[in-house]
Amino acid sequence: MAFLTRRSKRREPQYSDDLRLANYPPPYPDGWYRLLSSRSLRRGQVRYLECLGRALVVWRSEDADDVFVMSAFCPHLGGNLADGRVCKDRIECPFHAWQFTGDGRAASAPYSDTVPTGVATDSFPVQEVHGQIFMYHRGGGARQQSGEEVPYPVPRIPEVDDGTFVFRGHYDAGRARMHIIEPLENAGDSAHFGYLHNRLTVPWTKIPIPGAALEYTTRLDFDAARESYSMPLLVETVFNLFGRRMEPIRTKTRVTFTGVGSIMNLRIELPKVGVVEIVQTYLPIAPLDQQVAFHWFAERSVPRLLVWYAVGGWISQWRHDVRIWEGKGFAAPPTLCRDDGPMMRLRRWYRQFFPELAGSGRSSAARSGC
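In terms of the working numbering, the sequence shown opens at residue 195 and continues consecutively.
Watch out, some of these pointers could steer you wrong.
No more than 16 Å apart at the CA atoms, straight line, and that leaves these computed lysine to aspartate or glutamate pairs for EDC-like [unchecked claim]: (1) 282 to 307; (2) 522 to 206; (3) 522 to 211; (4) 282 to 259; (5) 446 to 463; (6) 282 to 256; (7) 282 to 297; (8) 522 to 463; (9) 446 to 409; (10) 282 to 257.
Simulated from the structure, these hints should not be mistaken for laboratory data.
The whole structure should be built from the sequences, with the hints applied where relevant.
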(Lines of atoms letter the chains of each structure in order from A; the text may use other names.)
(Lines give C-alpha, C1' and ligand atoms only; values in the text may rest on other atoms or scores of the structure.)
Protein backbone atom coordinates (compact mmCIF):
# COMPACT_ATOMS: atom_id res chain seq x y z
CA MET A 195 0.00 0.00 0.00
CA ALA A 196 1.46 3.33 -1.02
CA PHE A 197 1.32 6.40 1.14
CA LEU A 198 1.67 9.97 -0.09
CA THR A 199 3.96 11.99 2.13
CA ARG A 200 4.47 15.73 2.09
CA ARG A 201 8.05 16.77 1.60
CA SER A 202 9.07 18.84 4.59
CA LYS A 203 10.56 22.26 3.99
CA ARG A 204 14.21 22.76 4.79
CA ARG A 205 14.35 24.01 8.34
CA GLU A 206 16.51 27.10 8.82
CA PRO A 207 19.05 26.86 11.65
CA GLN A 208 18.36 28.92 14.75
CA TYR A 209 21.39 31.06 15.51
CA SER A 210 22.03 32.46 18.99
CA ASP A 211 22.07 36.26 19.02
CA ASP A 212 24.19 36.26 22.19
CA LEU A 213 26.89 34.09 20.62
CA ARG A 214 26.87 36.00 17.33
CA LEU A 215 27.09 39.39 19.07
CA ALA A 216 30.14 38.49 21.14
CA ASN A 217 32.76 40.43 19.14
CA TYR A 218 30.76 42.98 17.14
CA PRO A 219 31.17 46.74 17.59
CA PRO A 220 28.33 48.47 19.50
CA PRO A 221 24.99 48.11 17.68
CA TYR A 222 23.87 51.76 17.43
CA PRO A 223 26.66 53.94 15.99
CA ASP A 224 26.57 57.67 15.32
CA GLY A 225 24.78 58.63 12.12
CA TRP A 226 21.67 59.55 10.19
CA TYR A 227 18.87 56.97 10.12
CA ARG A 228 15.76 56.81 7.98
CA LEU A 229 12.66 56.48 10.14
CA LEU A 230 9.68 56.89 7.83
CA SER A 231 8.60 58.06 4.42
CA SER A 232 7.37 61.66 4.39
CA ARG A 233 3.99 60.66 2.98
CA SER A 234 3.37 58.31 5.94
CA LEU A 235 3.31 61.25 8.39
CA ARG A 236 0.59 63.79 7.72
CA ARG A 237 0.17 67.13 9.47
CA GLY A 238 -0.89 66.60 13.08
CA GLN A 239 -0.06 62.89 12.96
CA VAL A 240 1.93 61.04 15.65
CA ARG A 241 3.93 57.80 15.29
CA TYR A 242 5.64 55.61 17.88
CA LEU A 243 8.89 53.82 17.01
CA GLU A 244 11.28 51.55 18.89
CA CYS A 245 14.74 51.58 17.34
CA LEU A 246 18.37 52.38 18.13
CA GLY A 247 17.80 51.25 21.71
CA ARG A 248 15.25 54.05 22.21
CA ALA A 249 11.49 54.59 22.39
CA LEU A 250 10.68 57.51 20.06
CA VAL A 251 7.72 59.69 19.24
CA VAL A 252 7.69 61.17 15.73
CA TRP A 253 5.19 63.90 14.91
CA ARG A 254 4.41 66.60 12.38
CA SER A 255 3.07 69.98 13.42
CA GLU A 256 -0.51 70.95 12.53
CA ASP A 257 0.23 74.33 11.01
CA ALA A 258 3.42 73.56 9.06
CA ASP A 259 5.38 70.64 7.64
CA ASP A 260 7.92 70.54 10.47
CA VAL A 261 8.78 67.05 11.77
CA PHE A 262 10.03 66.41 15.30
CA VAL A 263 11.53 63.34 16.95
CA MET A 264 11.71 63.04 20.74
CA SER A 265 12.01 60.46 23.48
CA ALA A 266 8.54 58.96 23.81
CA PHE A 267 8.34 58.98 27.60
CA CYS A 268 7.24 62.21 29.28
CA PRO A 269 9.88 63.45 31.77
CA HIS A 270 7.07 64.37 34.18
CA LEU A 271 5.74 60.92 35.16
CA GLY A 272 6.48 58.74 32.15
CA GLY A 273 3.35 58.96 30.03
CA ASN A 274 3.86 57.89 26.42
CA LEU A 275 3.73 61.01 24.27
CA ALA A 276 2.87 58.90 21.22
CA ASP A 277 -0.54 58.31 22.81
CA GLY A 278 -1.06 62.06 23.03
CA ARG A 279 -2.05 64.61 20.42
CA VAL A 280 -0.51 67.42 18.41
CA CYS A 281 -1.61 70.96 19.35
CA LYS A 282 -0.33 73.28 16.62
CA ASP A 283 3.46 73.06 17.03
CA ARG A 284 3.42 71.19 20.35
CA ILE A 285 2.71 67.65 21.49
CA GLU A 286 0.47 67.02 24.49
CA CYS A 287 1.00 64.18 26.96
CA PRO A 288 -2.12 61.99 27.45
CA PHE A 289 -1.37 61.54 31.17
CA HIS A 290 -1.49 65.11 32.58
CA ALA A 291 -1.80 67.23 29.39
CA TRP A 292 1.65 68.73 29.73
CA GLN A 293 2.71 70.19 26.40
CA PHE A 294 6.18 70.04 24.86
CA THR A 295 7.78 71.95 22.01
CA GLY A 296 9.67 70.19 19.26
CA ASP A 297 13.00 70.68 21.02
CA GLY A 298 11.74 68.53 23.92
CA ARG A 299 11.15 71.36 26.40
CA ALA A 300 8.07 71.54 28.64
CA ALA A 301 5.94 74.52 27.60
CA SER A 302 2.81 74.28 29.75
CA ALA A 303 0.96 72.30 32.44
CA PRO A 304 -2.79 73.08 32.47
CA TYR A 305 -3.27 72.75 36.23
CA SER A 306 -0.27 74.90 37.22
CA ASP A 307 0.79 78.49 36.68
CA THR A 308 4.40 77.43 36.29
CA VAL A 309 6.34 74.62 34.66
CA PRO A 310 9.53 73.46 36.37
CA THR A 311 12.44 75.13 34.62
CA GLY A 312 14.86 72.93 32.77
CA VAL A 313 12.34 70.12 32.20
CA ALA A 314 13.16 68.55 28.85
CA THR A 315 13.31 65.19 27.14
CA ASP A 316 15.75 64.08 24.48
CA SER A 317 15.03 65.49 21.04
CA PHE A 318 16.87 64.73 17.83
CA PRO A 319 18.03 66.57 14.71
CA VAL A 320 15.71 65.82 11.79
CA GLN A 321 16.05 66.25 8.03
CA GLU A 322 13.56 65.42 5.28
CA VAL A 323 15.35 64.51 2.06
CA HIS A 324 13.83 63.19 -1.16
CA GLY A 325 10.60 62.14 0.51
CA GLN A 326 12.17 60.42 3.53
CA ILE A 327 12.46 61.42 7.21
CA PHE A 328 15.87 61.01 8.86
CA MET A 329 17.06 61.57 12.43
CA TYR A 330 20.61 61.95 13.72
CA HIS A 331 21.51 59.56 16.52
CA ARG A 332 24.57 59.68 18.75
CA GLY A 333 25.76 56.36 20.09
CA GLY A 334 26.83 55.56 23.61
CA GLY A 335 23.58 56.70 25.23
CA ALA A 336 24.40 60.41 24.87
CA ARG A 337 21.73 63.01 25.71
CA GLN A 338 20.60 64.85 22.59
CA GLN A 339 18.84 68.06 21.58
CA SER A 340 17.35 68.78 18.18
CA GLY A 341 19.26 72.04 17.83
CA GLU A 342 22.68 70.50 18.37
CA GLU A 343 25.33 70.75 15.68
CA VAL A 344 25.68 67.62 13.58
CA PRO A 345 28.93 66.76 11.76
CA TYR A 346 27.42 66.22 8.30
CA PRO A 347 24.03 66.36 6.54
CA VAL A 348 21.93 63.65 4.93
CA PRO A 349 23.32 63.28 1.39
CA ARG A 350 21.24 64.80 -1.38
CA ILE A 351 21.17 63.75 -5.03
CA PRO A 352 21.72 66.94 -7.06
CA GLU A 353 19.90 65.53 -10.10
CA VAL A 354 16.81 64.87 -7.99
CA ASP A 355 16.89 68.45 -6.71
CA ASP A 356 17.18 69.93 -10.21
CA GLY A 357 14.65 67.56 -11.80
CA THR A 358 17.08 65.63 -14.00
CA PHE A 359 16.29 62.42 -12.10
CA VAL A 360 12.74 61.30 -11.34
CA PHE A 361 11.42 58.93 -8.68
CA ARG A 362 10.93 55.43 -10.09
CA GLY A 363 10.01 53.23 -7.15
CA HIS A 364 10.51 51.94 -3.64
CA TYR A 365 10.77 48.55 -1.95
CA ASP A 366 10.33 47.78 1.75
CA ALA A 367 12.62 44.79 2.21
CA GLY A 368 11.41 44.08 5.73
CA ARG A 369 13.82 42.94 8.43
CA ALA A 370 17.25 41.34 8.21
CA ARG A 371 18.79 39.52 11.20
CA MET A 372 22.20 41.17 10.94
CA HIS A 373 24.45 43.85 12.46
CA ILE A 374 24.45 47.24 10.78
CA ILE A 375 28.20 47.13 10.10
CA GLU A 376 27.92 44.22 7.64
CA PRO A 377 27.32 46.13 4.36
CA LEU A 378 30.34 48.38 4.97
CA GLU A 379 32.47 45.40 6.03
CA ASN A 380 31.39 43.75 2.78
CA ALA A 381 32.84 46.64 0.80
CA GLY A 382 36.31 45.93 2.15
CA ASP A 383 36.04 42.22 1.43
CA SER A 384 37.02 42.25 -2.24
CA ALA A 385 37.52 38.47 -2.34
CA HIS A 386 33.87 37.62 -1.72
CA PHE A 387 32.64 39.30 -4.92
CA GLY A 388 34.08 36.61 -7.17
CA TYR A 389 32.66 33.80 -5.05
CA LEU A 390 29.29 34.96 -3.73
CA HIS A 391 28.26 37.27 -6.60
CA ASN A 392 29.69 35.54 -9.68
CA ARG A 393 26.35 34.29 -11.01
CA LEU A 394 23.91 36.48 -12.91
CA THR A 395 20.38 35.88 -11.66
CA VAL A 396 16.89 36.73 -12.81
CA PRO A 397 16.19 40.20 -11.34
CA TRP A 398 14.46 40.18 -7.93
CA THR A 399 15.11 36.43 -7.54
CA LYS A 400 17.89 34.00 -6.65
CA ILE A 401 17.35 32.03 -9.88
CA PRO A 402 20.64 31.80 -11.84
CA ILE A 403 20.65 32.47 -15.59
CA PRO A 404 22.37 29.51 -17.34
CA GLY A 405 25.74 30.38 -18.85
CA ALA A 406 25.74 33.94 -17.48
CA ALA A 407 28.46 35.02 -15.07
CA LEU A 408 29.80 38.25 -13.61
CA GLU A 409 33.35 39.51 -13.10
CA TYR A 410 34.17 42.37 -10.73
CA THR A 411 36.86 44.93 -10.12
CA THR A 412 36.40 46.81 -6.83
CA ARG A 413 38.24 49.59 -5.03
CA LEU A 414 37.55 51.53 -1.84
CA ASP A 415 38.40 55.20 -2.40
CA PHE A 416 40.23 56.01 0.84
CA ASP A 417 41.53 59.27 -0.63
CA ALA A 418 37.97 60.56 -1.08
CA ALA A 419 37.08 59.33 2.42
CA ARG A 420 39.96 61.18 4.07
CA GLU A 421 38.62 63.72 6.59
CA SER A 422 35.14 62.66 5.48
CA TYR A 423 32.06 60.92 6.82
CA SER A 424 31.43 58.87 3.69
CA MET A 425 33.30 56.02 2.03
CA PRO A 426 33.00 55.40 -1.74
CA LEU A 427 33.30 51.92 -3.24
CA LEU A 428 33.97 51.81 -6.98
CA VAL A 429 32.73 48.69 -8.75
CA GLU A 430 33.14 47.70 -12.41
CA THR A 431 31.14 44.71 -13.61
CA VAL A 432 31.68 42.75 -16.82
CA PHE A 433 29.14 40.23 -18.07
CA ASN A 434 30.39 36.85 -19.22
CA LEU A 435 28.13 34.76 -21.45
CA PHE A 436 29.17 31.13 -21.99
CA GLY A 437 32.78 32.05 -21.34
CA ARG A 438 32.81 35.15 -23.56
CA ARG A 439 33.38 38.55 -21.97
CA MET A 440 30.74 41.08 -23.07
CA GLU A 441 32.86 44.25 -22.81
CA PRO A 442 30.32 46.58 -24.47
CA ILE A 443 27.94 46.16 -21.52
CA ARG A 444 30.46 46.82 -18.77
CA THR A 445 28.73 48.75 -15.96
CA LYS A 446 30.22 51.15 -13.45
CA THR A 447 28.71 51.56 -9.99
CA ARG A 448 29.71 54.01 -7.28
CA VAL A 449 28.46 52.94 -3.85
CA THR A 450 28.76 55.69 -1.23
CA PHE A 451 28.41 54.63 2.40
CA THR A 452 27.35 57.52 4.62
CA GLY A 453 28.54 56.91 8.17
CA VAL A 454 28.69 53.17 8.77
CA GLY A 455 26.29 52.63 5.88
CA SER A 456 22.94 53.47 7.46
CA ILE A 457 22.48 55.36 4.18
CA MET A 458 23.94 53.93 0.96
CA ASN A 459 23.77 55.67 -2.41
CA LEU A 460 24.31 53.37 -5.39
CA ARG A 461 24.90 55.19 -8.65
CA ILE A 462 24.71 52.75 -11.58
CA GLU A 463 25.92 53.93 -15.00
CA LEU A 464 24.21 51.93 -17.75
CA PRO A 465 26.29 52.07 -20.97
CA LYS A 466 24.75 54.34 -23.64
CA VAL A 467 21.49 54.51 -21.69
CA GLY A 468 21.79 56.63 -18.56
CA VAL A 469 22.06 56.58 -14.79
CA VAL A 470 20.01 54.90 -12.06
CA GLU A 471 20.55 55.83 -8.40
CA ILE A 472 19.35 53.65 -5.52
CA VAL A 473 19.13 54.87 -1.93
CA GLN A 474 19.35 51.94 0.47
CA THR A 475 18.80 52.47 4.20
CA TYR A 476 19.23 50.44 7.38
CA LEU A 477 17.50 51.17 10.71
CA PRO A 478 18.54 49.05 13.72
CA ILE A 479 15.44 47.81 15.53
CA ALA A 480 17.65 45.66 17.77
CA PRO A 481 21.38 44.82 17.71
CA LEU A 482 20.85 42.05 15.13
CA ASP A 483 17.64 43.29 13.52
CA GLN A 484 17.67 45.84 10.69
CA GLN A 485 14.73 47.45 8.90
CA VAL A 486 15.81 47.75 5.25
CA ALA A 487 14.32 49.97 2.55
CA PHE A 488 15.19 50.90 -1.04
CA HIS A 489 14.17 53.97 -3.04
CA TRP A 490 15.40 54.71 -6.53
CA PHE A 491 15.57 57.44 -9.11
CA ALA A 492 16.66 57.56 -12.74
CA GLU A 493 17.18 59.86 -15.67
CA ARG A 494 13.93 60.37 -17.54
CA SER A 495 15.49 58.80 -20.63
CA VAL A 496 16.11 55.43 -18.96
CA PRO A 497 13.28 53.01 -19.85
CA ARG A 498 11.27 51.84 -16.85
CA LEU A 499 11.92 48.19 -17.72
CA LEU A 500 15.67 48.77 -17.64
CA VAL A 501 15.37 50.56 -14.29
CA TRP A 502 13.43 47.58 -12.96
CA TYR A 503 16.14 45.24 -14.27
CA ALA A 504 19.03 47.23 -12.77
CA VAL A 505 17.40 47.62 -9.35
CA GLY A 506 16.23 44.00 -9.30
CA GLY A 507 19.72 42.82 -10.20
CA TRP A 508 21.21 44.72 -7.27
CA ILE A 509 18.59 43.42 -4.82
CA SER A 510 19.12 39.84 -6.02
CA GLN A 511 22.84 40.10 -5.24
CA TRP A 512 22.07 41.81 -1.91
CA ARG A 513 19.96 38.81 -0.90
CA HIS A 514 22.99 36.55 -1.39
CA ASP A 515 24.81 38.73 1.15
CA VAL A 516 21.90 38.67 3.59
CA ARG A 517 21.97 34.86 3.61
CA ILE A 518 25.54 35.07 4.94
CA TRP A 519 25.02 38.07 7.23
CA GLU A 520 22.10 36.47 9.07
CA GLY A 521 24.25 33.62 10.35
CA LYS A 522 27.74 35.06 10.77
CA GLY A 523 29.66 36.48 13.68
CA PHE A 524 32.38 39.14 13.75
CA ALA A 525 36.00 38.04 13.49
CA ALA A 526 38.00 40.28 15.81
CA PRO A 527 40.72 40.42 14.80
CA PRO A 528 40.25 38.66 11.46
CA THR A 529 42.72 36.20 9.97
CA LEU A 530 43.46 37.62 6.52
CA CYS A 531 45.50 36.69 3.49
CA ARG A 532 47.16 39.14 1.10
CA ASP A 533 44.29 39.31 -1.42
CA ASP A 534 41.40 39.73 1.02
CA GLY A 535 41.15 43.51 0.67
CA PRO A 536 41.85 46.45 3.01
CA MET A 537 39.75 45.19 5.92
CA MET A 538 41.84 46.59 8.76
CA ARG A 539 42.25 49.99 7.12
CA LEU A 540 38.47 50.12 6.67
CA ARG A 541 37.87 49.20 10.30
CA ARG A 542 40.20 51.96 11.47
CA TRP A 543 38.24 54.43 9.32
CA TYR A 544 34.77 53.48 10.59
CA ARG A 545 35.88 53.43 14.23
CA GLN A 546 35.08 57.19 14.29
CA PHE A 547 31.33 56.40 14.38
CA PHE A 548 31.51 54.38 17.60
CA PRO A 549 31.95 56.74 20.58
CA GLU A 550 32.11 53.74 22.92
CA LEU A 551 35.41 52.76 21.27
CA ALA A 552 36.96 56.23 21.55
CA GLY A 553 39.82 56.22 24.02
CA SER A 554 39.51 52.49 24.55
CA GLY A 555 43.21 52.06 23.93
CA ARG A 556 45.32 50.20 21.41
CA SER A 557 44.99 46.82 23.14
CA SER A 558 41.20 47.04 23.17
CA ALA A 559 41.18 48.12 19.53
CA ALA A 560 43.37 45.19 18.61
CA ARG A 561 41.05 42.75 20.37
CA SER A 562 37.98 44.19 18.68
CA GLY A 563 39.59 44.34 15.28
CA CYS A 564 38.72 48.02 15.01
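Below or equal to 16 Å on CA atoms is what counts here, so check residue 282 against residue 297. Within the cut-off at roughly 14 Å; holds.
Hinted pair, alpha-carbon criterion (16 Å max): residue 282, residue 257. Please report holds or violated. holds (6 Å)
Are the Cα atoms of residue 522 and residue 206 separated by 16 Å or less? Distance of about 14 Å is within 16 Å: holds.
Compare the distance between the alpha carbons of residue 446 and residue 463 with 16 Å, and conclude whether the hinted pair is satisfied. holds (5 Å)
Is residue 446 close enough to residue 409, meaning Cα to Cα at most 16 Å? holds (12 Å)
Pairwise hint evaluation, residue 259 against residue 282, where the allowed Cα distance is 16 Å at most: Distance ~11 Å between residue 282 and residue 259 Cα, so the pair holds.
Measure nothing beyond the straight line between the CA atoms of residue 522 and residue 211; if it is 16 Å or shorter, mark the hint as holding. holds (10 Å)
Assess, step by step, whether the Cα of residue 522 is no farther than 16 Å from the Cα of residue 463, and give holds or violated. Status violated; Cα separation ~32 Å.
Are residue 282 and residue 307 close enough, with their CA atoms no more than 16 Å apart? Given pair residue 282, residue 307 is violated - Cα atoms ~21 Å apart, limit 16 Å.
Please verify whether residue 282 and residue 256 have alpha carbons no more than 16 Å apart. holds (5 Å)
Hint violations for this structure: numbers 1, 8, all remaining hints satisfied.
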